[in-house]
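Using the sequences and the accompanying hints, generate a full structural model.
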Amino acid sequence: MSPAEVLRAEIAQQPQVWRDLLAREEEIAATAAALTAPPPTLVRIAGHGTSDHAAIYASYVLRIVCGWTVVRDSISLPLYYGLPAARPGELAIGISQSGETPDVVAWLRAARADGATTLAITNGADSSLAAAADHVLAIGAGVERSIAATKTYTGTLALFALLAGHVAGRGAAVADGLAGVAGVAEALLPRLDAQVEPVAAALAPAQRMYLSARGLELATAYEIALKLTEVCYVGAKAMSATAMAHGPVAALDATLPVWLVAARDGTLPAVREAAARARAAGAPVVASGPAADELEGADHLLPVPPVPDAFLAPLLSVLPGQLFAVALAHAKGLDPGSPRHLRKVTSAA
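Add 1 to the 1-based position in the sequence shown for the working numbering, that's all there is to it.
These are computed hints drawn from the structure, not numbers from a lab.
Beta carbons are placed, not taken as given, at the ideal position from N, Cα and C, and that holds for glycine.
No incorrect hints appear here.
Here are the computed distance ranges between Cβ atoms for each label pair:
no. : residue 1 : residue 2 : range
1   : Leu-23    : Gly-116   : 30 to 36 Å
2   : Asp-127   : Thr-42    : 26 to 32 Å
3   : Ala-244   : Glu-187   : 32 to 38 Å
4   : Pro-309   : Ser-75    : 32 to 38 Å
5   : Arg-341   : Ala-205   : 15 to 21 Å
6   : Gly-298   : Arg-25    : 43 to 49 Å
7   : Gly-298   : Pro-103   : 42 to 48 Å
8   : Ala-281   : Pro-89    : 48 to 54 Å
9   : Arg-20    : Pro-306   : 16 to 22 Å
10  : Arg-88    : Arg-20    : 34 to 40 Å
The list that follows gives simulated cross-link-like pairs (lysine to any residue, SDA-like), each with its CA atoms no further than 20 Å apart:
no. : residue 1 : residue 2
11  : Lys-238   : His-49
12  : Lys-238   : Asp-254
13  : Lys-238   : Gly-50
14  : Lys-333   : Ala-207
15  : Lys-333   : His-301
16  : Lys-238   : Gly-248
Written out as C-alpha cells, the structure reads:
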C-alpha cells in the first residue's frame, strides 16, 4: 500500500482498536483499583502533539466522570527550572504513542522520584515510558505506520474513558457505550468519506484555518488542526469558541475558514455565538460534531450522530477531521501519507 492508503486504512481500523480495549476490561479495572487506593490528591498529565490533545480530553473526562482534579502539567518546570515534578499522593500520567518522547519520559521519571504514583499511556508496551512508570496501560492499537496519528489518538481517548468509568464504578455502562460508539463509527466512516470530498474541493485554496470548540470537544478542535497542519500544510489554529472573540476574530475574512465542533451539551451557546461571529466576518463556516445542525447558516455540514454518553462523542467527532485532512491534501496535490520534515517518533528536546 502507498503511504496515503496506509493512513486511510489506519483511520478505518479505529473501531476495532476500541473493541480490542473492551476485551481488556479486567486489566483496566485492576489499574483503576490500584490508582484509587487511595484516590490521588491531584492528577498531572503531560504529553506532546496528539498526546497533548488526548490529555485535554482526559482532563475533562477524569473530572466529569471521576471527580478528580486534573492539570495538564508543564514539563519545563521540573526539567529546566528545577521545580518538583509532583508530590506524594498525586498521580502523574505520561502519554506518548511511541513511549520514547525524551522529555515526557524524563518528566514521568522525575514524578516517580518525587513520590507520585505514575501511569504510562503508550502504544509501546516495552518502551522507555513504560519502564519509567508504576503502572502501564498500553493503547494496543497495533503498529501505526503513518506519521499522522489517528488510531492511537482515539485509542487513547477510549482508554481514558474506560479507566474513568471503572474508577467511578461505571465500568460496565461505559463499556456498553463504547461498544455502541464503535458500531456507529463503522457505519459512519464510509458516509463521511463521501461527504468530505466536496468540502475539501471548496476549501482547497485555503492556507489558514481556525478550529474551535468548547469543553470536551476542545481536544477535537486541536487534533483536527494538527492533522491539517501535518498533512495539508495549512496554518491551522485551534482555540476555545469564546477565545475567538478575544482577538482572533479580527483576522477573519473570506479566505480564512472557521471549523466549529458543536457538542450537544451546555457548551453549545458559546459555539453558536462563535459561528455567528465568523459568518458576520465573511468567513466560510464548517460545522461538525453531534450538534452541527444547530449552527445556523454554516456553509458546510459534517455532522456525527449523538451518543448517550456525551463524553464518548469526541471519538466520533474527530473522524470527519481525519478524513477531511486526507481529502484536502489530495485536493492540494499533496501526499497525506508522507508529510515533509516529520518523523514518526519525535526526539526533540
